[in-house]
Amino acid sequence: MKTESHSINDVLAKNATSFFIPPFQRAYAWGKPEIERYFSDVLRIIDSELDSKQHDKLEHFFGTVVIKEEKAGFANKSVVVDGQQRLTTTLIFLIALRDLEAVELNQEYITQNYLINNTSSFQDKIKLKQVTKDRDAYRSLVNKETPKAGIIYNA
Numbered sequence: 007m008k009t010e011s012h013s014i015n016d017v018l019a020k021n022a023t024s025f026f027i028p029p030f031q032r033a034y035a036w037g038k039p040e041i042e043r044y045f046s047d048v049l050r051i052i053d054s055e056l057d058s059k060q061h062d063k064l065e066h067f068f069g070t071v072v073i074k075e076e077k078a079g080f081a082n083k084s085v086v087v088d089g090q091q092r093l094t095t096t097l098i099f100l101i102a103l104r105d106l107e108a109v110e111l112n113q114e115y116i117t118q119n120y121l122i123n124n125t126s127s128f129q130d131k132i133k134l135k136q137v138t139k140d141r142d143a144y145r146s147l148v149n150k151e152t153p154k155a156g157i158i159y160n161a
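Quick note: the sequence shown uses our numbering, first residue 7, plus one each step.
If you are wondering where the hints come from, they were derived from the structure by calculation, not from laboratory data.
Heads up, some of the hints might be wrong.
[To be verified] Estimated spans, in silico, between C-beta atoms of each pair: (1) Gln129 to Lys38: 21 to 29 Å; (2) Gln129 to Glu42: 32 to 40 Å; (3) Asn119 to Thr70: 31 to 39 Å; (4) Ser46 to Asn160: 29 to 37 Å; (5) Asn149 to Ala35: 20 to 28 Å; (6) Val72 to Ala19: 15 to 23 Å; (7) Glu110 to Pro39: 12 to 20 Å; (8) Leu106 to Asn15: 28 to 36 Å; (9) Arg50 to Gln129: 13 to 21 Å; (10) Asn124 to Glu42: 30 to 38 Å; (11) Glu110 to Arg43: 26 to 34 Å; (12) Lys139 to Ala102: 29 to 37 Å; (13) Ser54 to Ala22: 26 to 34 Å; (14) Thr9 to Gly156: 30 to 38 Å.
[Claimed, not checked] Think about it this way: if two alpha-carbon atoms lie no more than 30 Å apart in a straight line, the pair counts; the simulated DSS-like pairs of lysine-lysine are: (15) Lys139 to Lys154; (16) Lys38 to Lys150; (17) Lys131 to Lys150; (18) Lys20 to Lys74; (19) Lys139 to Lys77; (20) Lys131 to Lys154; (21) Lys139 to Lys20; (22) Lys83 to Lys131; (23) Lys154 to Lys77; (24) Lys150 to Lys139; (25) Lys154 to Lys38; (26) Lys38 to Lys139; (27) Lys83 to Lys150; (28) Lys154 to Lys83; (29) Lys77 to Lys131; (30) Lys20 to Lys77; (31) Lys74 to Lys131; (32) Lys139 to Lys74; (33) Lys20 to Lys150; (34) Lys38 to Lys77; (35) Lys139 to Lys83.
The beta-carbon is built from N, C-alpha and C at its ideal position, and this holds for glycine as well.
All chains, full assembly: derive it from the sequences and hints.
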């Protein structure tokens, strides 16, 4: 197995990739403590980016996300073996940022570059394919619809 280090932007911005959470993975389970810790890390990164003394010094370790690349027809299929809680939280965070953005063009940019995969040969163009229990709620968030109550909705 070959391991590589990539920025989260490099991983998510691949338009020819769809991410699949396999059935053996648990459903999304992060609660308030994990999300607060994640958000605290994000704020620390933002603060360091705004501080000219720290800007080039801080590199944040996002955590390990293990992805197994597979070919599925004309599309790349990335099976998330480990790190799906972190990856899902990151995408939910991007959805929240998109929904708070006032400029529609910026909203569309986030959706097109990080949340959906228009080049996919799969019928469902949403980039992150959740386990069955979470699929509808996550799809609703991506499509700017109100999901049914549940852990993804509460995140």
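Against the structure, the hints:
1. Gln129 to Lys38: 21 to 29 Å: 35 Å, violated
2. Gln129 to Glu42: 32 to 40 Å: Since the Cβ atoms of Gln129 and Glu42 sit about 36 Å apart, the hinted range of 32 to 40 Å holds.
3. Asn119 to Thr70: 31 to 39 Å: 23 Å, violated
4. Ser46 to Asn160: 29 to 37 Å: 18 Å, violated
5. Asn149 to Ala35: 20 to 28 Å: 23 Å, holds
6. Val72 to Ala19: 15 to 23 Å: Taking Cβ atoms as reference, Val72 and Ala19 lie about 19 Å apart, which means the hint holds.
7. Glu110 to Pro39: 12 to 20 Å: 35 Å, violated
8. Leu106 to Asn15: 28 to 36 Å: 19 Å, violated
9. Arg50 to Gln129: 13 to 21 Å: 40 Å, violated
10. Asn124 to Glu42: 30 to 38 Å: 34 Å, holds
11. Glu110 to Arg43: 26 to 34 Å: 32 Å, holds
12. Lys139 to Ala102: 29 to 37 Å: Violated - the Cβ-Cβ distance for Lys139 and Ala102, about 21 Å, lies outside 29 to 37 Å.
13. Ser54 to Ala22: 26 to 34 Å: 32 Å, holds
14. Thr9 to Gly156: 30 to 38 Å: Once the Cβ atoms are compared, 34 Å apart, the range 30 to 38 Å for Gly156 and Thr9 holds.
15. Lys139 to Lys154: With Cα atoms ~12 Å apart, Lys139 and Lys154 stay inside 30 Å; holds.
16. Lys38 to Lys150: Status holds; Cα separation ~22 Å.
17. Lys131 to Lys150: Distance of about 15 Å is within 30 Å: holds.
18. Lys20 to Lys74: 15 Å, holds
19. Lys139 to Lys77: 25 Å, holds
20. Lys131 to Lys154: It holds: about 21 Å lies between the C-alpha atoms, which stays within 30 Å.
21. Lys139 to Lys20: Distance of about 26 Å is within 30 Å: holds.
22. Lys83 to Lys131: Holds: Lys83 and Lys131 sit about 12 Å apart, inside 30 Å.
23. Lys154 to Lys77: Cα-Cα ~33 Å, so violated.
24. Lys150 to Lys139: 19 Å, holds
25. Lys154 to Lys38: 19 Å, holds
26. Lys38 to Lys139: 20 Å, holds
27. Lys83 to Lys150: 25 Å, holds
28. Lys154 to Lys83: 28 Å, holds
29. Lys77 to Lys131: 16 Å, holds
30. Lys20 to Lys77: 14 Å, holds
31. Lys74 to Lys131: Given that 30 Å is the threshold and the Cα spacing comes to 19 Å, the pair holds.
32. Lys139 to Lys74: 22 Å, holds
33. Lys20 to Lys150: 22 Å, holds
34. Lys38 to Lys77: Violated, at roughly 36 Å.
35. Lys139 to Lys83: 20 Å, holds
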